[in-house]
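Undergrad: Chain by chain, the residues run as shown.
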Amino acid sequence: MAGRTSVISISGATLSLSASLPATYDATGYAALTFTEIGEVENFGNHGVSATITEFTPVKTAVVTKIKGTKNYGTMALTVGSIPTDAGQVLLEAAAESNNHYSAELTYPDGEIHYLDVLVAKKEYQDGSVNDVSRLSVDLAVCKKPVVVAAA
Amino acid sequence: MSAEKVIFNLLKNDAGIVALVGAKIFAGVIPQETVLPAIAYNHISTTERTTVAMTEASTLATSRIEVAVQAKDYPQQKQLIKAVRKACKNKRGTIAGVPVHSVIVGTVGPDMRDDDAVIYMQTIDFIVTYSEPNT
Numbered sequence: 001m002a003g004r005t006s007v008i009s010i011s012g013a014t015l016s017l018s019a020s021l022p023a024t025y026d027a028t029g030y031a032a033l034t035f036t037e038i039g040e041v042e043n044f045g046n047h048g049v050s051a052t053i054t055e056f057t058p059v060k061t062a063v064v065t066k067i068k069g070t071k072n073y074g075t076m077a078l079t080v081g082s083i084p085t086d087a088g089q090v091l092l093e094a095a096a097e098s099n100n101h102y103s104a105e106l107t108y109p110d111g112e113i114h115y116l117d118v119l120v121a122k123k124e125y126q127d128g129s130v131n132d133v134s135r136l137s138v139d140l141a142v143c144k145k146p147v148v149v150a151a152a
Numbered sequence: 001m002s003a004e005k006v007i008f009n010l011l012k013n014d015a016g017i018v019a020l021v022g023a024k025i026f027a028g029v030i031p032q033e034t035v036l037p038a039i040a041y042n043h044i045s046t047t048e049r050t051t052v053a054m055t056e057a058s059t060l061a062t063s064r065i066e067v068a069v070q071a072k073d074y075p076q077q078k079q080l081i082k083a084v085r086k087a088c089k090n091k092r093g094t095i096a097g098v099p100v101h102s103v104i105v106g107t108v109g110p111d112m113r114d115d116d117a118v119i120y121m122q123t124i125d126f127i128v129t130y131s132e133p134n135t
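Here the protein sequences come in this chain order: R and Y. Letter 17 of the first sequence, counting from 1, is numbered 17 in the numbering used here, and no numbers are missing. Letter 103 of the second sequence, counting from 1, is numbered 103 in the numbering used here, and no numbers are missing.
Please keep in mind that the hints were generated in silico from the structure rather than gathered at the bench. None of these values were measured; they are calculated from a predicted model. Careful: at least some of the hints might be erroneous.
Which chain R residues face chain Y? A few, computed with CB under 7 Å, are given here [claimed, not checked]:
(1) I10
(2) G12
(3) A13
(4) T14
(5) V41
(6) E42
(7) E55
Stretches of chain R that chain Y covers, calculated by requiring three or more beta carbons in the stretch to come under 8 Å of a beta carbon on chain Y [what the hints assert, rightly or not]:
(8) 26 to 40
(9) 119 to 129
Even glycine gets a Cβ: it sits at the ideal position worked out from N, Cα and C.
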């Protein structure tokens, strides 16, 4: 897989959402969807795989054996400035109230794209005190391995 | 930039301030020969809310503006600092063309004096939160 050969800043990256699911869970399937950008995202959080490690320790060796178990593609915890009329945030609201899977597209500044199959598990208003910005805390539970399209 | 315009606009349009200093509201420094009382305002700092995409039409910015009063005696200094606080605190809406989310008091500074020149001084900082256009 070709792609970036040096580190980049994520400044300029965008996150978009679609209520549609791809015909095939690959780059071709996702590229055919129409996505709506979510405005005012301050923090993308993390996404990717983490595996459960099961441990077993035989008495004879007294050495802990580790076995890889279930994989979890995690939850992307977003911080977003709340703008109720933003088209992407309107879609987030619908997704948060729905049990349906949604498609997410994370586009990095160098053109690399990560497509994600997600459930919007949380859309929480964060208010705070007089100096605080009205924000949303959004969780995207990632359900499948991300489809990564390398930068050209 | 925008926060200074907001504070200047609030001060010059406040009847209580005008009654005390007239048009003697200066950006930066009060000129040496000015008949006191008078007011000066200065920009101290601004921080802007950042987003990852950096494509928004406007940015939420928060500025600290310092307003300094100079007076002929201590009671006048206190009267003026109180009037400045009243003129600016808790204001919001479109002010001098700037969409202002809030103006709140940051800190009120200590009493200061120039004993040789007989000038009584004090500062009050305002935290101004507003939308700054990006285009």
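Undergrad: Decide, hint by hint, whether the structure agrees.
TA: Do the hints match the structure? See the list:
1. Because the smallest distance between the Cβ of I10 (chain R) and any Cβ of chain Y comes to about 6 Å, under 7 Å, the interface hint for this residue holds.
2. With a cut of 7 Å, the hint placing G12 (chain R) at the interface with chain Y holds, because the nearest CB-to-CB distance is about 6 Å.
3. At a threshold of 7 Å, the smallest CB-CB gap from A13 (chain R) to chain Y is about 5 Å, leaving the interface hint in force.
4. Given the 7 Å rule on beta carbons, the hint for T14 (chain R) holds: about 5 Å separates it from the nearest Cβ of chain Y.
5. Hint on V41 (chain R) holds. Least Cβ distance to chain Y is approximately 5 Å, under the 7 Å limit.
6. The beta carbon of E42 (chain R) comes within 5 Å of a beta carbon in chain Y, closer than 7 Å, and the hint placing it at the interface holds.
7. With a cut of 7 Å, the hint placing E55 (chain R) at the interface with chain Y is violated, because the nearest CB-to-CB distance is about 38 Å.
8. As drawn, the segment 26 to 40 of chain R meets chain Y at 3 residues by the rule of a beta-carbon pair under 8 Å; at three or more, the given contact holds.
9. With 0 residues having a beta carbon nearer than 8 Å to a beta carbon of chain Y, the segment 119 to 129 of chain R misses the requirement of three or more and the stated coverage is violated.
In this structure, the earlier hints numbered 7, 9 are contradicted, and the remaining ones agree with it.
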